[in-house]
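Trainee: Work out the full structure: start from the sequences and follow the hints.
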Amino acid sequence: MNNELDNFLGLLKGNKVMDAGCGTGRDTQYLFNNSCNVIGVDISEKMLAIARNNRKNCIFVQSDLRKLDFEQNSFDGIWCSAVMPHYEDFEINQILKSLKKNLKSNGVLFISFKIGNGLHIDTTYSSPRKMYYHTIKNCESFLIKNGFKIITKDTFNERDRYGKNYRDINYLTLYCTLNNDLNCTQQCI
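Residue 12 in the working numbering is what sits at position 12 of the sequence shown, and the numbering runs on without skipping anything.
Keep in mind that the hints are not guaranteed to be accurate.
What the hints assert, rightly or not - With a straight-line Cα cutoff of 20 Å, these simulated DMTMM-like cross-link-like pairs (lysine to aspartate or glutamate) come out:
| # | residue 1 | residue 2 |
| --- | --- | --- |
| 1 | LYS100 | GLU158 |
| 2 | LYS101 | ASP122 |
| 3 | LYS114 | ASP76 |
| 4 | LYS114 | ASP89 |
| 5 | LYS149 | ASP122 |
| 6 | LYS13 | GLU91 |
| 7 | LYS114 | ASP160 |
| 8 | LYS130 | GLU91 |
| 9 | LYS114 | GLU88 |
Please keep in mind that the hints were generated in silico from the structure rather than gathered at the bench.
Mentor: Listed below in structure tokens is the structure:
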């Protein structure tokens, strides 16, 4: 993910960043090490306990991404990697509305999705997990409907990128800004 992180860093206009769905804080640490004033946010206290234990120089906050309680328009960038597959469609819309409220008007959102269709049970973890896959068109629709403008998008296969011991899963990565065009009725609805 360093390639995506470095691209994200290059797009930022400031250094205040949220790592939305930070898990154990791996990406939070990378952003911190690259001069970001970063806050890692996750719903899971268990994941945050690991993050706080392993990354003592970073700030972590427990919060539901659907109901973030930060000052509006306060982040120059929001990094949201490997989070959306955990949520159903209606929850994705709630999360995007919440992220939008927290992003500055010239801010950047990085977000990723697993490409496919519907619910999959991932058995590669210690206990099976529900994962929601989406078509590229649906992912783009989520973002546009919630007031984001897609700057660039890319796809990659986990096994092709990281090696034969990884899963054969395709990902969509997108960099977005807020769609500040007041005449975006057709595009945003």
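Trainee: Taken at face value, is the distance from the CA of ASP122 to the CA of LYS149 at most 20 Å?
Mentor: Roughly 31 Å separates the two Cα atoms, so the pair is violated.
Trainee: With the threshold set at 20 Å, check whether the alpha-carbon distance from LYS101 to ASP122 stays at or below it.
Mentor: Between LYS101 and ASP122 the Cα gap is close to 32 Å, so the pair fails against 20 Å, i.e. violated.
Trainee: LYS114 and ASP76 were given as a pair; does the straight-line alpha-carbon distance stay at or below 20 Å?
Mentor: Violated, because 25 Å separates the two Cα atoms, which is more than 20 Å.
Trainee: What's the verdict on LYS130 and GLU91, does the C-alpha distance respect the 20 Å limit or exceed it?
Mentor: 14 Å, holds
Trainee: Starting from LYS13, check that the Cα of GLU91 is at most 20 Å away, please.
Mentor: 29 Å, violated
Trainee: Straight-line Cα separation of LYS100 and GLU158 no greater than 20 Å?
Mentor: 28 Å, violated
Trainee: Are the Cα positions of LYS114 and ASP160 separated by 20 Å at most?
Mentor: Holds: LYS114 and ASP160 sit about 15 Å apart, inside 20 Å.
Trainee: Are the Cα atoms of LYS114 and GLU88 separated by 20 Å or less?
Mentor: 12 Å, holds
Trainee: Does ASP89 lie within 20 Å of LYS114 when you go C-alpha to C-alpha?
Mentor: Roughly 13 Å between the alpha carbons, so the hint for LYS114 and ASP89 holds.
In this structure, the hints that do not hold are numbers 1, 2, 3, 5 and 6, in rising order.
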